[in-house]
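*Asks:* Put chain B on the given structure of chain A with help from the hints.
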Amino acid sequence: MRPFRRDWFQGDRGMHQGRSDRFHEEPQTSHTCGGSRTRENVVTPPLTAQAASSSPMAMAVDFKTYVDQACRAAEEFVNIYYDTMDKRRRALPRLYLDKATLIWNGNVVTGLDALANFFDVLPSSEFQVNMLDCQPVHEQATQAQTTVLVVTSGTVKFDGNKQHFFNQNFLLTAQSTPNNTVWKIASDCFRFQDWASS
Amino acid sequence: SEDKDVGNSRQGQKKSWSCFRRHFGKRNHLCEHGGNKCQHSQLQKDNGKQGIKDVQQIPQVKHSLNTIRHNRGVELRIEGRIQIIVQKGRKPREGEVGQNTQDGTLGSWFKITVPDGMKYDKIWLMNSIQSHCSVPFTPVDFNYANNWARFFVQGASAASALKDVSYKICDEENQKIPIFVSTSVVPYSVRDKLEPKEMEQLKLTMNKRYDPSQKALDLQMFRFDPDLVGLDIDIILNRRNCMAATLQIIKENFPELLSLNLRSNKLYQLNGLSDLIQMAPTVKILNLSKNQLQSICEVNKMKELKLEELWLEGNPLRNTFPDQSTYTSAVRKCFPKLLRLDGQVLPSPIINGIDRPYLIKPCKESYKISEMLKSLVLHFLKKYYLTYDYGDRRRLFRVYHDEACFSLTIPFNPVDPDPSSLFEYFKDNRNMKNLKDPYLRVQLLKHTKRDIVCSLCVLPKTQHDFSSFVVDFWFQTEKMLFFSVNGEFKEVEGKSQGSVRAFTRTFIAIPASSSGIFIVNDELFVRDTIPKKTQSTFAIPVRMPVYRSLLTLSREQRDMVLAFSTQSGMKLLWSQKCLQDSQWNYTRAGQIFIMLKTNGQIPAEAFKQIP
Numbered sequence: 001m002r003p004f005r006r007d008w009f010q011g012d013r014g015m016h017q018g019r020s021d022r023f024h025e026e027p028q029t030s031h032t033c034g035g036s037r038t039r040e041n042v043v044t045p046p047l048t049a050q051a052a053s054s055s056p057m058a059m060a061v062d063f064k065t066y067v068d069q070a071c072r073a074a075e076e077f078v079n080i081y082y083d084t085m086d087k088r089r090r091a092l093p094r095l096y097l098d099k100a101t102l103i104w105n106g107n108v109v110t111g112l113d114a115l116a117n118f119f120d121v122l123p124s125s126e127f128q129v130n131m132l133d134c135q136p137v138h139e140q141a142t143q144a145q146t147t148v149l150v151v152t153s154g155t156v157k158f159d160g161n162k163q164h165f166f167n168q169n170f171l172l173t174a175q176s177t178p179n180n181t182v183w184k185i186a187s188d189c190f191r192f193q194d195w196a197s198s
Numbered sequence: 001s002e003d004k005d006v007g008n009s010r011q012g013q014k015k016s017w018s019c020f021r022r023h024f025g026k027r028n029h030l031c032e033h034g035g036n037k038c039q040h041s042q043l044q045k046d047n048g049k050q051g052i053k054d055v056q057q058i059p060q061v062k063h064s065l066n067t068i069r070h071n072r073g074v075e076l077r078i079e080g081r082i083q084i085i086v087q088k089g090r091k092p093r094e095g096e097v098g099q100n101t102q103d104g105t106l107g108s109w110f111k112i113t114v115p116d117g118m119k120y121d122k123i124w125l126m127n128s129i130q131s132h133c134s135v136p137f138t139p140v141d142f143n144y145a146n147n148w149a150r151f152f153v154q155g156a157s158a159a160s161a162l163k164d165v166s167y168k169i170c171d172e173e174n175q176k177i178p179i180f181v182s183t184s185v186v187p188y189s190v191r192d193k194l195e196p197k198e199m200e201q202l203k204l205t206m207n208k209r210y211d212p213s214q215k216a217l218d219l220q221m222f223r224f225d226p227d228l229v230g231l232d233i234d235i236i237l238n239r240r241n242c243m244a245a246t247l248q249i250i251k252e253n254f255p256e257l258l259s260l261n262l263r264s265n266k267l268y269q270l271n272g273l274s275d276l277i278q279m280a281p282t283v284k285i286l287n288l289s290k291n292q293l294q295s296i297c298e299v300n301k302m303k304e305l306k307l308e309e310l311w312l313e314g315n316p317l318r319n320t321f322p323d324q325s326t327y328t329s330a331v332r333k334c335f336p337k338l339l340r341l342d343g344q345v346l347p348s349p350i351i352n353g354i355d356r357p358y359l360i361k362p363c364k365e366s367y368k369i370s371e372m373l374k375s376l377v378l379h380f381l382k383k384y385y386l387t388y389d390y391g392d393r394r395r396l397f398r399v400y401h402d403e404a405c406f407s408l409t410i411p412f413n414p415v416d417p418d419p420s421s422l423f424e425y426f427k428d429n430r431n432m433k434n435l436k437d438p439y440l441r442v443q444l445l446k447h448t449k450r451d452i453v454c455s456l457c458v459l460p461k462t463q464h465d466f467s468s469f470v471v472d473f474w475f476q477t478e479k480m481l482f483f484s485v486n487g488e489f490k491e492v493e494g495k496s497q498g499s500v501r502a503f504t505r506t507f508i509a510i511p512a513s514s515s516g517i518f519i520v521n522d523e524l525f526v527r528d529t530i531p532k533k534t535q536s537t538f539a540i541p542v543r544m545p546v547y548r549s550l551l552t553l554s555r556e557q558r559d560m561v562l563a564f565s566t567q568s569g570m571k572l573l574w575s576q577k578c579l580q581d582s583q584w585n586y587t588r589a590g591q592i593f594i595m596l597k598t599n600g601q602i603p604a605e606a607f608k609q610i611p
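Top line first, the protein sequences correspond to chains A and B. Mapped onto full-length UniProt numbering, the consecutive letters of the first sequence carry residue numbers 1 to 198. Mapped onto full-length UniProt numbering, the consecutive letters of the second sequence carry residue numbers 1 to 611.
This is chain A alone, in the form it adopts within the complex:
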């Protein structure tokens, strides 16, 4: 087990009470900080050098930084993903890693070809997301590949079908270059959840 530093978290508490400068630098909306929104890529500013590396010193990076970064990536991502899904369906597979897996109501779709096929066949959609949450995934699980868990929920209407509630989870992994970080979907799990209306 890595040496775990609890104290920084306690220490942070003290800092947060005073609403330190760190927060004021960051505006409160999602479209911020030069996180560029190219059409089919979720791109955010580069991770701090320490975060990008996998050295034990990465642990020293502020937990808060991980969280902020995860939140930023998640919000950008969700906006782009559902917009692409509804309006530019053909471009959707580009958001996935080559070997990504989609589990759609229990059906497994693996690989970009199968994904492209699947999204082609899926009727046109109208998504309404009313929940979004994210967490940075612990390094031990991801072998130091920076990963974010994104969870969404809302309603969706597929053409020709009635509206459904849905839940969706994503694993986003970061692919860092010196200039930016590109996030792609490593795994996607989608499910209707119609407890009341089925």
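Just to be clear, a hint being listed does not mean it is correct.
[Stated by the list, open to error] When the alpha-carbon atoms are kept at most 35 Å apart in a straight line, the in silico DSBU-like pairs for lysine-lysine are as follows: (1) A/Lys157 with B/Lys251; (2) A/Lys184 with B/Lys479; (3) B/Lys176 with A/Lys157; (4) B/Lys168 with B/Lys333.
Because the hints were derived from the structure by calculation, they are not lab data.
*Replies:* For chain B alone, kept in the frame of chain A given last:
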């Protein structure tokens, strides 16, 4: 003279009179009088400007009609197209209605019409009618046209029994279905029934065209089959009698038919072919290419056939679609299980999941996860929730990694931003859709197992329904396991006691030293559910007079009803019902209303008429 059918398609109407002339010119003196100068607009019923009656005023037509009428067995039939059918003179058979009188001995014929019947499935409609009807009957010549469904029966007793069925059957929207009965001439397929020796010949010809190894019947250009032409048997499949005879032979001789080819038969309607569903339900491959089908509505009449392969190319209906993909999806809507269209393999129907969303149980092989891991996880979940519901939640300490994360969310509904029913979860809610403050976003993400377990301990006491659990294993490596649990739980204490919630919990876990797992990430989403009984009572229209029931309410309740009615657009009585079912919780009633409305479960009559 021969049987001739001058059917005019919409496109062909311009050529109608010249066709008429061409076909009849050589063989029937009648047509010499039929001119081709008449205005086409008068022939087109679809035009809407002139009615059918006007056609008869056209001098040329009038003359032809007079001439025609004097010949027995000739008829002018107008059904949106002009069809002038000249038949060989034949003796009226028993049971056939003569021109002026009705033959009562074997039973007169009656026409049964269901207005708006087009929206019902044929099989459902006929089964419903049959089961409600006190007298058994055989429907003949069922067809859909102009929004109604129609068929014929023989015998006054059947007809009057069917009259009694009117307004007895309820459809899915709880509307009563009216059934109109009127007298009728003999339906075409009966009147023009093929004679036995014609049937025999037809059977022989069809046998030649049948491939038993493939169970395939090839009826391409059937009318011009040399055998039939040689024997002067005119099989025009557009005509009900010919189609009925063909299907009868299929039913008797090729009962396990798999493939039927009807290419190039000039088919413009499929009313007759839809009987195939009952005659040969095994058909999986159907070729309707190079016909005259104008609209996908015709193809829709075949939708109860479970087709795997369909050919529709070369039909005018293709032009009604702007592109290939809208065409393909419209066809797939008719035939959800279709695998091949026009020779192209369609991508595999994973979308079956949309039409009938089914929840895959964890034991089903939806993902290649080893049995060992699966049972490990299921065992974990069981222990987790048993502890969570009935034990001391602090014991969950062992289950979490030191640096684990946990967060909780509830939905954000922009229409009603503050669903009071989930108030116990408000303070922990980390829904980023309405939580924008980065500081809070960090704070509300519980980090370290101690913080996590502390917050779990203060969440409401629950009772999880294991039978409702659906587990998705959606990612795994040697070092990590991802799974989501969808299910329901009940609140067992406090203000919300008895409320049923739906939840989705996502776990990321890593292997622990012994055969266990550590949770490193845990995300919980809780949503309210609507009790099922509210839905069904809502659907039943209440027939009490409005004011009488309103009087029994308190002033406050009356105000709520008025406000709700204004906001929702529903009539007072329905608004009252909705509020009552929600125990006069205005917000909750509003939520239920929105949910049912978006699912299309509120009947139109519930809403106030817009003046």
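*Asks:* Go through the numbered hints given earlier and state which of them the structure violates, listing their numbers in rising order.
*Replies:* Hint 1 is the one this structure does not satisfy, whereas the remaining hints hold.
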